[in-house]
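Visitor: Please put together the full structure from these sequences, using the hints given.
Quick note: to get the numbering used here, add 7 to the position in the sequence shown (first position is 1).
I should point out that these hints are in silico values taken from the structure, not numbers from a laboratory. Some clues are possibly wrong.
The calculated lysine-lysine pairs, modelled on DSSO-like cross-linking and capped at a C-alpha distance of 30 angstroms, are [said to hold, decoys possible]:
hint : residue 1 : residue 2
1    : Lys335    : Lys52
2    : Lys64     : Lys41
3    : Lys198    : Lys108
4    : Lys108    : Lys65
5    : Lys108    : Lys52
6    : Lys466    : Lys401
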Amino acid sequence: MTENENQDVEDNGSEQVAVVEAGSEESPERLDLKVDIKEIGPCKKHIFVTISESDIKKLRDDTIAELSKETAVPGFRAGRVPERLLAKKFRKEISDQLKQKLLVQSLEQVSEENDLDPINEPELDVENLEVPESGDFDYEFEIEVRPTFDVPDYASITIERSVKEISDEDVAQARERYLAQFGQVVPHEGKAESGDYVICNLEFTHKGETIREMEEITLRLRSTLRFQDAEVEGFDQLIAGAEAGDVKEFDLIISREATDFEMRDETVHATLTVLDIKRLELPEFDDALLERIGVNTAEELDELLNSSLDRQTAYEQRQSTRQQVLEKITEASTWELPEGLVRKHVDNAIRREVLEMQQSGFSRQEIMARENKIRQESVSMTEQALKEHFVLDKIATEQHIESSADEINAEIANMAVQQGESPRKLRAKMIKNGMIENLEAQIRERNVIDFILSKVSFKDVPMEDDSVESIESVNRSITSSINDSDASEEESDQED
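Guide: See the structure below:
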């Protein structure tokens, strides 16, 4: 999951500028500031600011003068109200406006004079700050800033480029996977075999105590069973030969990046009770099915599947070359990031990976398999993604690289075809759930990487087969109950 510009970071940075620049159309006079800046952690600074009494008095007088021009009180017209009366009658309003002016102007000046590049808004308790009637005004805050570094020499990089020719066998396997969605899952009286569906109850225990139960869950027997925070290799062989009523037991190791910190790297014992076994029956490949699919001939379907495989191969090639590029350009990035910042952007990074797989035509099951893998390694992957963001963002800024409206429209149109929706409805949905910003950032990332790839040298190598068809993913966590409702919907869809 290598990601360029993390949009939340970009948005937060923009908000910070908005906070700093608000409230002044003309450039105000410089304040007489005393500023003390200390490094208190990775990309984090503690800043102590002192505004002189003379500056406070001048801004207070300006505030009262502005209020006088537009305020009337009984017995006085606007512009004629004595300042002493205004200061007494509108003390709170003047105090609030003065505090806002002092903070906005001083924050802007501190940022400019000290080359601060904030990631998000400062941790500043504005409500409890009070500007004194006399003397200097002191306040302090903490802020996360972008790391400082030199852009690497990407022109000297050599990249291995994975290549693959789509064979007739690849198309045949893709056809079988595609037709499976039109098949029926029917009861099976015999023993379970690889590829069958097992309806079962699962109980997970840790040190003799039950920590999680899953009832009547449907699992397809594949070589890997993957939860959000653990996985089982050789799952189909563990269950092969089982019949209704049989009990199978096995151990899992919880991911070292699971949400439950105390359960990381812990061994959990699973007890699986088989309730029923079902088998997938593929539909008859006839004219009626072709009409249902929306194609005229089997050859036309194969052409569509071949095109989809080409896109998926291009995706894998792009991911592989991108990963190598990003590893090369970030290998010297030894600077650390605040853990809070990393945690905040885990979900955003996952959304963007899912979005790109949707664009490339991967199935829901394939996307979920990759998503669960990402969740198991979410912290380290997101930390790497944020480092990549900062490096790529700097290159984009230096090279004036952006995403265009035509590129965004083209991607939405392609995704609309894949999902069977109109581009207009899909755009509206993406705007509503915030994914349009992810798409813009993703395109900008792609453009930056394409720019870098235009400068590097390539060495072609055979593409490794890393099919997710061998993975059965469960949209649940063993150590917590997140996404249970989504999981239930997923199982219902499988049974339908």
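Visitor: Evaluate each hint against the coordinates.
Guide: Against the structure, the hints come out as follows:
1. Lys335 - Lys52: 29 angstroms, holds
2. Lys64 - Lys41: At roughly 17 angstroms apart (the allowed maximum being 30 angstroms), Lys41 and Lys64 satisfy the hint.
3. Lys198 - Lys108: Since the Cα atoms of Lys198 and Lys108 sit roughly 76 angstroms apart, the hinted pair is violated (cutoff 30 angstroms).
4. Lys108 - Lys65: Holds, at about 11 angstroms.
5. Lys108 - Lys52: 23 angstroms, holds
6. Lys466 - Lys401: Distance ~27 angstroms between Lys466 and Lys401 Cα, so the pair holds.
Checked against the numbered hints above, the structure violates only hint 3.
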